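Below are the chains, spelled out letter by letter.
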Amino acid sequence: MPDPILQISGLDAHYGDFQALFGVDLDVAEGEVLAIIGANGAGKTTLLRSISGLTQNAPDMIQYRRAPIGGLRADEVANLGIALVPEGRQLFPSLSVEENLIIGGQIGRKGPWSLQAVYDLFPILKERRAQQSTSLSGGQQQMVAIGRALMANPDLILFDEISLGLAPIIIKDIYDALPGIIGEGMSALIVEQDISKALSVSSRFYCLQEGRVSLCGASATVAREDISRAYFGVA
Amino acid sequence: MEWVNAIVQGTLLGGLYALFAAGLSLIFGVMRLVNIAHGDFIVLGAYLGLSVTTILGIHPLVALVFVVPCMAMIGYILQRGILNQTLGGDLLSPLLVTFGLSVILQNALLEIYSADPQKMNAGALETASVSLGDLSLGVLPLLTFGIAVAVIAALQWTFYRTALGRAFRATSDNQEIAQLMGLNRRHIFGMAMALALAVTAIAGIMLGIRTSFDPSVGGGRLIFGFEAVIIGGLGNLWGTLAGGVILGVAQTIGAKIDPGWQLLAGHIVFLAILAVRPNGLFPRVSG
Ligand SMILES: Nc1ncnc2c1ncn2[C@@H]1O[C@H](COP(=O)(O)OP(=O)(O)OP(=O)(O)O)[C@@H](O)[C@H]1O
Ligand SMILES: [Mg+2]
Numbered sequence: 002m003p004d005p006i007l008q009i010s011g012l013d014a015h016y017g018d019f020q021a022l023f024g025v026d027l028d029v030a031e032g033e034v035l036a037i038i039g040a041n042g043a044g045k046t047t048l049l050r051s052i053s054g055l056t057q058n059a060p061d062m063i064q065y066r067r068a069p070i071g072g073l074r075a076d077e078v079a080n081l082g083i084a085l086v087p088e089g090r091q092l093f094p095s096l097s098v099e100e101n102l103i104i105g106g107q108i109g110r111k112g113p114w115s116l117q118a119v120y121d122l123f124p125i126l127k128e129r130r131a132q133q134s135t136s137l138s139g140g141q142q143q144m145v146a147i148g149r150a151l152m153a154n155p156d157l158i159l160f161d162e163i164s165l166g167l168a169p170i171i172i173k174d175i176y177d178a179l180p181g182i183i184g185e186g187m188s189a190l191i192v193e194q195d196i197s198k199a200l201s202v203s204s205r206f207y208c209l210q211e212g213r214v215s216l217c218g219a220s221a222t223v224a225r226e227d228i229s230r231a232y233f234g235v236a
Numbered sequence: 058m059e060w061v062n063a064i065v066q067g068t069l070l071g072g073l074y075a076l077f078a079a080g081l082s083l084i085f086g087v088m089r090l091v092n093i094a095h096g097d098f099i100v101l102g103a104y105l106g107l108s109v110t111t112i113l114g115i116h117p118l119v120a121l122v123f124v125v126p127c128m129a130m131i132g133y134i135l136q137r138g139i140l141n142q143t144l145g146g147d148l149l150s151p152l153l154v155t156f157g158l159s160v161i162l163q164n165a166l167l168e169i170y171s172a173d174p175q176k177m178n179a180g181a182l183e184t185a186s187v188s189l190g191d192l193s194l195g196v197l198p199l200l201t202f203g204i205a206v207a208v209i210a211a212l213q214w215t216f217y218r219t220a221l222g223r224a225f226r227a228t229s230d231n232q233e234i235a236q237l238m239g240l241n242r243r244h245i246f247g248m249a250m251a252l253a254l255a256v257t258a259i260a261g262i263m264l265g266i267r268t269s270f271d272p273s274v275g276g277g278r279l280i281f282g283f284e285a286v287i288i289g290g291l292g293n294l295w296g297t298l299a300g301g302v303i304l305g306v307a308q309t310i311g312a313k314i315d316p317g318w319q320l321l322a323g324h325i326v327f328l329a330i331l332a333v334r335p336n337g338l339f340p341r342v343s344g
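Protein chains in written order, with the numbering used here: chain H, 2 to 236; chain Z, 58 to 344.
Looking at chain H on its own, in the form it has when it is part of the complex:
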C-alpha cells in the first residue's frame, strides 16, 4: 500500500460542550479516492472541517504527509495543498463567477488546473464568467465551487455533499466529470448521502455513525446489509 497522504488518529471534535467526533481513525493513500458516508448529523462535515482547519484540533490527531496539521489555521492548511468544496457550495456573492475561480487559485500552487482548464471542464462557466455567482443555477454554482477548489491545485481535495439539492441529471453530469478531475493524481475524500454514488467512485469507504467510524472497507465488495446496519445503527 502506498504511503498515506493523510492519517487521522483518535480524532475528537467538539462544538462547545457538544462532542461531534469520537476517536475517529482514518487514512487516505496517495492518489486514493475515499468515500465517507453516514446519516444526517453523523459528523461527516465536522470531519472535513477538522481536516481543513476550520475546526481546530490537537496537532497530532491529523497528519498530512507525516506532518501534524491538526492545530493549523484553515489558510495554512490550504497552503499545504488541501482544498475543500464546502457543503452548500458557499460561493462569494460579491465576486463574479470568474473572480470566484481566480480567488481559488490565488495560493499560487503549480499544477494542471488553471482558469482555462476549469472552463474546458465546465464550458458553461466560461459563458457565465462575468455574472454574479448567485445568479447561476444550483448545478452551475456547484461547478464553480468545484472549479474554485481545483484552482488551488490541491494534492488532496475534500468534497462535502456535492449532489445536495441538485437534480438527478445534474448529479450524473458532475459525477461523470469526477474521474477526470481526480484522475490527475489527486487524492480525494468524498462525503455523500447517496451511498451508491459514493461507492461507485471510490476504492474504499468509511461509514460514520454518531461521531464514530461504524464500518470501513472496500467499496466494490461491501454487502448492502452491512452498510445499512452501519448507517442506521440497527442491530
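For the record, the hints were derived by calculation from the structure and aren't laboratory data.
Predicted, not measured: the structure shown is a model, and the values here were computed from it.
Note that beta-carbon positions come from the ideal geometry of N, C-alpha and C, so glycine has one too.
Be a bit skeptical, because a hint or two may be false.
Short, incomplete list of chain H residues facing chain Z, as computed with Cβ under 7 Å [said to hold, decoys possible]:
| id | residue |
| --- | --- |
| 1 | ASN80 |
| 2 | LEU85 |
| 3 | GLN91 |
| 4 | PHE93 |
| 5 | PRO94 |
| 6 | SER95 |
| 7 | GLY105 |
| 8 | ILE108 |
Here are some chain H residues the structure puts well away from chain Z; computed CB gaps all over 10 Å [said to hold, decoys possible]:
| id | residue |
| --- | --- |
| 9 | GLY112 |
| 10 | ILE182 |
| 11 | CYS217 |
Derived Cβ-Cβ restraints for the label pairs, each shown as a range [stated by the list, open to error]:
| id | chain 1 | residue 1 | chain 2 | residue 2 | range |
| --- | --- | --- | --- | --- | --- |
| 12 | H | TYR16 | Z | ARG218 | 31 to 41 Å |
| 13 | H | ASP61 | Z | ILE115 | 54 to 64 Å |
| 14 | Z | LEU149 | H | PHE19 | 22 to 32 Å |
| 15 | Z | ARG218 | H | GLN117 | 19 to 29 Å |
Chain H is fixed; fit chain Z with the ligands onto it per the hints.
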C-alpha cells in the same frame, strides 16, 4: 446667486466630509467594525502633519508623503495587535475597545500638543481662489474635493480591480470560506485598517490646513463621517461621496438661513433621510 454659491461651497465642503467618511465606510464594509476612534485618528493625522511640517519645514501637502505611510503602519499594527481580538463575537466589544482607544488618543494628544488650537500653514494655497462667472471658488476647497474624488476612485479601483480588493470582498462575504482560499483574515483586516488610516491621514491633513484643530475635535469629525456614510448607504463608496456632498450642502444652506443652523441643518437632513430610507440613498450594489 447667493444660493448657488451656498450649494457650490457646500458641495466642495462635502469632499472633506467624504474624506472623513471613506475610511469608516471601508472598515465597516470589510469587517463590520464601527471605529469610534475614527475621528481621533483624523486628528492624529492632522497633528502628525503639523509635527512633520514644523520639524522638516515642508509644505503640509508634501507632509502627506510621510504621514500617509506612517498612519497606514499604525493601522496595520493596531488591527493585528488589538482590534482583531475583538472581532468575531458580538458587536459590543469592538465598540467598547475603539471607544477606549478614542479616550486614550485624545489624552495622549492633549499631553503632547496641549489643548491650544493649532493650524497648519499652507501659505498662498489657503487664500487663493478662482472665479467662475460670478462665483469665487477657493483653490483649497477645490483641491480637497478633487482629492476626495481621486481617493474614492482609487478605493473603488482597489476594491473591484485588484487581488487585495477581491480578498477584501471575499473576506467580507464569508470569513471561513475566505480562509479556505488561503487568505489569513487577520492579515486582510490589517491591510483594510492600514488602507483606512492612510485615507484618514489625507483627511486629517486637509482638515488641518482648512481649520484650526485641537485634541477634542475628533468626535465631531466622526459624526460628520458617520452621517455621510449612512446617507450614502453602507458599503457604497461613491454613495459615501454623495452623502458627504448632501451633508455639506445641507450645512451651508442651513448657515445661509441662519449662521447658528449650520450643524443642525446637517443633522436634520441626516435624520430625515434615515427616516425615509433607513438603508441610505444608495445601499450597496456590488459590481
Ligand atoms: N456549529 C455547530 N454547533 C453545534 N453543534 C453542531 C454544529 N455543527 C454541527 N453540529 C452537530 O454536530 C453533529 C455532526 O454534525 P455534522 O454537520 O458534522 O454532520 P453531517 O454528517 O455533516 O450531517 P449532514 O448530513 O446533515 O450534513 C450534529 O449532531 C450536529 O448537530
Ligand atoms: Mg454535512
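Hint-by-hint comparison with the structure:
1. ASN80: At about 5 Å, which falls below the 7 Å cut-off, the nearest Cβ of chain Z leaves the hint on H:ASN80 intact, so it holds.
2. LEU85: Holds, because the Cβ-Cβ distance from H:LEU85 to chain Z comes to roughly 5 Å (cut-off 7 Å).
3. GLN91: holds, 5 Å
4. PHE93: It holds, given that the least Cβ distance between H:PHE93 and chain Z is near 4 Å, below 7 Å.
5. PRO94: Hint on H:PRO94: holds, closest Cβ of chain Z at ~6 Å, below 7 Å.
6. SER95: holds, 4 Å
7. GLY105: It holds, given that the least Cβ distance between H:GLY105 and chain Z is near 6 Å, below 7 Å.
8. ILE108: holds, 4 Å
9. GLY112: holds, 14 Å
10. ILE182: Answer for H:ILE182: holds, closest chain Z Cβ roughly 18 Å.
11. CYS217: holds, 26 Å
12. H:TYR16 with Z:ARG218: 31 to 41 Å: holds, 39 Å
13. H:ASP61 with Z:ILE115: 54 to 64 Å: holds, 58 Å
14. Z:LEU149 with H:PHE19: 22 to 32 Å: With Cβ atoms ~26 Å apart, the hint holds.
15. Z:ARG218 with H:GLN117: 19 to 29 Å: Hint holds: Cβ distance 21 Å, inside 19 to 29 Å.
The earlier numbered hints are all upheld by this structure, with none contradicted.
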